[in-house]
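Undergrad: Keeping their order, the protein sequence lines are chains F and V. The first sequence runs 1 to 348 under our numbering. The second sequence runs 349 to 707 under our numbering.
None of these hints come from the bench; they were simulated from the model. Keep in mind that the hints are not guaranteed to be accurate.
Which bits of chain F does chain V cover? Going by a derived footprint, with three or more residues having C-beta under 8 Å, they are [claimed, not checked]:
#, region
1, 127-141
2, 144-151
3, 321-330
Derived list of chain V stretches under chain F, where covered just means 3 residues or more per stretch with a C-beta under 8 Å from a C-beta of chain F [stated by the list, open to error]:
#, region
4, 481-490
5, 615-628
Label-pair distances were calculated between CB atoms; the ranges are [as the list claims (entries may be wrong)]:
#, chain 1, residue 1, chain 2, residue 2, range
6, V, L675, F, Y209, 37 to 43 Å
7, V, V379, F, F154, 48 to 54 Å
8, F, N155, V, Y524, 42 to 48 Å
9, V, L388, F, A326, 51 to 57 Å
10, F, I201, V, K614, 37 to 43 Å
11, V, V379, F, N155, 38 to 44 Å
12, F, S101, V, H360, 29 to 35 Å
From the three backbone atoms N, C-alpha and C, an ideal C-beta is built for every residue, glycine too.
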Amino acid sequence: MSKKKLIKGNLFNRMSDTNLLLIITVVIFFLMYIGAIIFQGGGFTKPQMLFNILNSNAALIITACGMSIVMISGGIDISVGGVVALVSMSCAVYLDFHNGSIIGSFLIALAIGLAYGIVQGLLVAYLDIQPFIVSLAGMFFARGMTTIINTKPFNVENNQAFLNLKQTRITVPGMGSYNRKGIYVPAYIEIGVVVALVLVIILFLVLRYTKLGRSFYAVGGNKQSALMLGINVKRTKFFSHLICSTLAGIGGYVYFLHVGSGSASHAMGMEMNAIASSIIGGTMLSGGVGNIIGTLFGVLSLSTIQNIVSSAGLDQAWWTGITIAAMLCIFLLIQSVVMRQRKRALKS
Amino acid sequence: MGKSMIKKITGHQMFIPIMALLLLAVVNLIVDPGFFKVTLGTNNSGDPVLSGSLITILDYGSELAILAIGMTLVTAASGGQDISVGATIAIAGSAMLRVLCGTNTRPETIQAPIIVAFLVACVVGMLCGAFNGALVSIFKIQPMIATLILFTAGRSIAAWINNNELPIVPDPKFKYFGGFIPGIPIPTTVFIVIACIIVIVLVLKFTNLGLYTQAVGINESSSKLNGINPTFIKFLTFVILGLCVAVAALIKVSRISTINYSVIAKDIEMDAILAVALGGNALSGGKFNMWSSILGAYVIQFLTTTLYKFNVQSDALSAYKAVVVILLVIFSAPAVRTYFSGLFAKISASGKGRKEAAK
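Build the full structure now, drawing on both the sequences and the hints.
TA: What follows is the structure in structure tokens.
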């Protein structure tokens, strides 16, 4: 009896899995960033460093959020990197060769994402095919189509409206730093970052407060019980894939806005980075556990460690891959050990 | 009775890969009647070699077939797939080159016997497999995520082993493994595959590996109650896959006598998983059919060769592959199968009804 009371009173055991993993991620991110400021100084003391990380990872944040939703509902989607490349190439061809409009190009991006979501969602949810195989084929298809549309990588140069949009910088009030000459340089972010942060907030609210959002957790946690609760499991799965691919489409446009070019090798391995960020952010592939805010911090942690490694002088290409993998490994082990401890504590 | 026969044939696990193989063969025959012609010619060094599309498929499908053996076991035991095989091929190949060439990247002679280099590669491959296996079996991490670690780091580690240099093996004997042995016109890789198949068939026949793997895959806790150690079985399947990876790495590296870290065995993990799926093995684990997977691997290579035959660019290859895969997967989906068998039953029933009405 007294044992039971102890467990109830223990903060560690009272927290839900989702919140516990989220807190681990956020704490580690801040420790890492503060550590970088103290030990490396330099770029990390300037606020622009953080904003640069955001600028170059806005697309990853968006796709990783979609990935988290699919993973929470118990699936996986490895086609997002391919979709991003396909969107960039299609938009680049449309804008540069056909002199298209910004709205038109955005609609193309959205349409590709929606089409992908509908097809993959139908195959996974209603035909009961493994999501891994479906999205694997989706990835192959997207990469191949990108090459079929245009073989050679190229920059968009002939579309002034797009170039203006690409150059748009939003200054952050109250943040900035003095450069070597003592001139005040305000910190800036790109449009993509705003899009990404707005999407993160919307998705966070959807997952926390709407019926659809809660049913993602229910389906991912236990399909049978979700069915018993009267949740339409197939439709929920379908929507998870629809949202993920649509976000990949939007993420593709943000990526395109950042790089301003089309290439078949764009966003190579982005799906793996998205999965890694989701895991670091506390989403579990077994489903039912995860948080969008955690995913945001997952992306930030991932790119912060990359920056730390490259500014520590280990700038050979292979160190990045090894550090990301090491980080992923550590987080997976933490998750595994923590979850086992909790299970044991709850049982006794 | 005829109906049950049809059901037996269409329901068999080998049905899908054999049908796919036949379909590909027919398409190729229609487009190019000489597709299956095998000619005996001589290669650059004057030795007799067989050439032809069929030989190409058998030759280049070998790595895939070897990987499919290991991947089938991993899939059956853990209900997940190893996505790091391409990256571990790079690691094992890099280790092999490091042993063969030493620190000098352009040696005059090899620094160690080939067999030693191969054994080192085997150890490295098995270590990688053991790492994945430990994460999956002991720490209970989902296989796809656990192997994501080596998938991300593998090629970087491979580059790091050789300090990002590209050593070239000077010994022409090293080329035999991925090419031809002088005097024998059949590609050596075919013999390697046959050796691997014999080994795995013997292992499955004389040990309980196959039975235990399936038992663990079908129900882990009940297999534990029956005295099987699921942790060890899962770990073992990953180590076996590591060994398969080392053999595949030997072939891959031998083909070009050097290595390209970012390109070697690229996307091979996807092909290996597809081979298992195409062979009708459930990707969620449980029962498996080894022959079906191996056949699946050759079907995939057949498809690749066919697409090249149609002058498809190597970069665009994946789009066509994806369409074929999706069609195959839809066709073999349980929901679609039940729908079609229901449709057949209806048609035959209405036919019977009409016959009876005519009577």
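Undergrad: Which numbered conditions among the earlier hints are violated in the structure presented, ordered from lowest to highest?
TA: 7 and 12
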